[in-house]
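K.L.:
So the protein lines, in turn, are chains A and B.
For the first sequence, the tail end lands on 292 under this note's numbering, and the numbers increase by one without skipping.
For the second sequence, the tail end lands on 196 under this note's numbering, and the numbers increase by one without skipping.
I should point out that these hints are in silico values taken from the structure, not numbers from a laboratory.
The hints are all genuine.
Residues from chain B that keep clear of chain A, each with C-beta distances beyond 10 Å, as calculated:
| # | residue |
| --- | --- |
| 1 | Asn54 |
| 2 | Pro93 |
| 3 | Ala169 |
| 4 | Trp170 |
| 5 | Gly172 |
| 6 | Leu178 |
| 7 | Ala179 |
| 8 | Val192 |
Listed below are the simulated EDC-like cross-link pairs for lysine to aspartate or glutamate, each with C-alpha atoms no more than 20 Å apart in a straight line:
| # | chain 1 | residue 1 | chain 2 | residue 2 |
| --- | --- | --- | --- | --- |
| 9 | B | Lys148 | A | Asp273 |
| 10 | B | Lys148 | B | Glu90 |
| 11 | B | Lys120 | A | Asp122 |
| 12 | B | Lys147 | B | Glu90 |
| 13 | B | Lys147 | A | Asp263 |
| 14 | B | Lys148 | B | Glu138 |
For every residue, glycine included, the Cβ atom is placed at its ideal position computed from N, Cα and C.
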Amino acid sequence: MDGIHDLGGKEGFGAVDPNDPLQGFSQRWHASVFTMVNSLAAAGVMHNADHFRHAVERIDPVSYLDDGYYGRWLGAAENLLVEGGVLEQQQITGRAVAYGAQGDERVAARPMQSTGSDQSGDDTDSVTPAPESLLTAERKPLAAAKFSIGDCLLTRMSSVPGHTRLPAYARGRLGTVVALHGAWVFPDTNAHGQGEQPQHLYTLCFDAQELWGDAADKLEVCLDLFEPYLHLAAET
Amino acid sequence: MSQTTAAIRAQALESLLIEKGLLDADLIDDVIVRYNERVGPMNGAQLVANAWLDEAFKQRLLTDATSVVREFEFSGGQVDKLVVVENTPQIHNVVVCTLCSCYPWAVLGLPPKWYKDPAYRSRVVREPRAVLAEFGTTIPAEKKIRVWDSSAEIRYMVLPQMPAAWQGRDVESLAATVSRDSMIGVTVLEDS
Numbered sequence: 057m058d059g060i061h062d063l064g065g066k067e068g069f070g071a072v073d074p075n076d077p078l079q080g081f082s083q084r085w086h087a088s089v090f091t092m093v094n095s096l097a098a099a100g101v102m103h104n105a106d107h108f109r110h111a112v113e114r115i116d117p118v119s120y121l122d123d124g125y126y127g128r129w130l131g132a133a134e135n136l137l138v139e140g141g142v143l144e145q146q147q148i149t150g151r152a153v154a155y156g157a158q159g160d161e162r163v164a165a166r167p168m169q170s171t172g173s174d175q176s177g178d179d180t181d182s183v184t185p186a187p188e189s190l191l192t193a194e195r196k197p198l199a200a201a202k203f204s205i206g207d208c209l210l211t212r213m214s215s216v217p218g219h220t221r222l223p224a225y226a227r228g229r230l231g232t233v234v235a236l237h238g239a240w241v242f243p244d245t246n247a248h249g250q251g252e253q254p255q256h257l258y259t260l261c262f263d264a265q266e267l268w269g270d271a272a273d274k275l276e277v278c279l280d281l282f283e284p285y286l287h288l289a290a291e292t
Numbered sequence: 005m006s007q008t009t010a011a012i013r014a015q016a017l018e019s020l021l022i023e024k025g026l027l028d029a030d031l032i033d034d035v036i037v038r039y040n041e042r043v044g045p046m047n048g049a050q051l052v053a054n055a056w057l058d059e060a061f062k063q064r065l066l067t068d069a070t071s072v073v074r075e076f077e078f079s080g081g082q083v084d085k086l087v088v089v090e091n092t093p094q095i096h097n098v099v100v101c102t103l104c105s106c107y108p109w110a111v112l113g114l115p116p117k118w119y120k121d122p123a124y125r126s127r128v129v130r131e132p133r134a135v136l137a138e139f140g141t142t143i144p145a146e147k148k149i150r151v152w153d154s155s156a157e158i159r160y161m162v163l164p165q166m167p168a169a170w171q172g173r174d175v176e177s178l179a180a181t182v183s184r185d186s187m188i189g190v191t192v193l194e195d196s
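Chain B extracted, bound-state conformation (with noise of 0.2 Å):
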């Protein structure tokens, strides 16, 4: 099916659903208001940057996630569990859901499409450093790469590694400037 004949499907659908009163229209204008502007990745780079500064909080955060997103309360977007794995000298880790596309909504917001995509699920789990150079990103040869294939309703996110000259930022303009692409994994921060 087309892209355009999958959004007249859709609308059929939604009209008989209207219809039948199983769908209220105007959820769908909250629906847009609340991933466009309020669910993302800058609630993901909020925990990030706090863990850069405060060596408390990112013990907290890297054993207890779940519990650091409550206090947060994002808006919208609900995680069962996080767990947030940490990028060293020795590991970069990376996302995917290979069964599905299960994402960490709660704090990286809806999904980038590649993410969903045949190509990135089928062949991160077993070529990332080819999948990862893809995004530019080179993992150099004796670091290892942690996949996490979100196979059950533990949700992962990175927590990248800072460039060394974001010393002395603030915790503001530290998040924003944490990637989305870097908490998933396929991209590593540079000095900028």
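Okay, chain A solo, but in the shape it has when bound (with noise of 0.2 Å):
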């Protein structure tokens, strides 16, 4: 999808604040939404990484670049519990206006309403996870990789509508692979409870001109990209 969280190369934030000097969390609320997450999985509303990734990229865009981090954790945990029927959104305002919120602020989490057509409309039995997923998101490949090191790539052009790992950034872009990675878990597929559906990974470096066009740094950036977002440039 095209939303705010894709912000590679997007202009005008400002200069970066370098002062960070904390190791670990600076407030509690931030270490109970760290925990409230990781119990998501045990709660059976958040199937995977991919899943929650997608949550959080959900989230009302305005909140996404307000809130902060944790802030965007605690949209996408409250996307998840709504989804999943553990909670009511207007049972969450209701408790925090019993601790002090006005009850009118903007709010970050935009739960799906079930439709039952909705493509992400979760099959439980078609996204438990396999065992080594614990450990890993590595698969074993279905095919041999199509691509080779050295090989010089185009990226998709167009946007899709669901979770993908193409920033828009490097779409439609010449890069050249620098890496064989295996097959892993494909997160278009997996957040959606479409199953895993094992692609190959690559890496791929761009030039800066390529990406930014001539004014452009001394520069290249390097992507891991899964093998449905690329095709060999010589057949376009």
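Two chains, two frames, a set of hints: combine them into the complex.
P.N.:
Okay, structure coming up:
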């Protein structure tokens, strides 16, 4: 999806504030949100990391920029808990008011209504992770890798509606394969209850000029991209 | 939502989940202790210090960091696959995740606030020299910058260059001086 989360190359955000000497959590509620998110899988409402990442991407875009990292996680947790039928959003707001909130604040969560036709409507049976996924998202490949080191590949041009891991700034760009990593769980399907469908993963490096034009820094950007995002430049 | 409002809403959600038996409040304290004390950049710094002192170790770290990390058995934080990229006189490496905030927790702990903020995530893939300058870091124009945007489950860590003046130090004192930011690639280590 063309969401606010896809920040690479966006202009206008201003200077980075480099001051954060802390290790660990600066606020207790950050640790609380962190722990709540870690409990979502046991609660049966978070199926995997891709499902969670997409829940973050789907929060209110203004909140995405405003609420900070743990605010985004809070919104995602609320999305999944409401969608999973554990809580109603009004219950959470009601409790927040009891703790001193006004009750009319902008809320990050935007849980999907279950319409029955949503492709993300989860069929729990199909998303039960394989036991090995507890340790890693790497899988046995279902087919040989299509590409090799040194291949010049063109990335997919278009946006896709759901979760994907090809950033917009690297769409329709030429890059060179510098590493093969075997097959990995495919986030584009795994986030949506459509199974792991393992795909070969490659590191591609892109020249700055290819991404940003002639005035670019002396720079190379490397991305880890799944095979379905890629095709041989000569084929196009 | 202000941070105060977010904190209140988090408290509301926390209390509801505890009532439903889906959250154990003690776990929150455990998480705070684990990430404040045991998981952090001291883990990555150990790898860096060992790599500087032991060429064979360094080669293993650069070719199969995942196995090396498993041997060290750092507590808490896990990594599917770790790749360590080496700074050289020709190349300076920087790590980011533009799509979310993926970070090598197992070796660096929780990411700093700026790593997760829109300014860093949007700009460092496009104008890294300007971003690094905000950290007080100057990369010579003739040196190439390679930015690693962590777009899958592989995590990246930078092996910084050791300042010449640090020759002769032992692994403990080296590890104590390797900064988190140098292993993300936004700073370089200087003689001190």
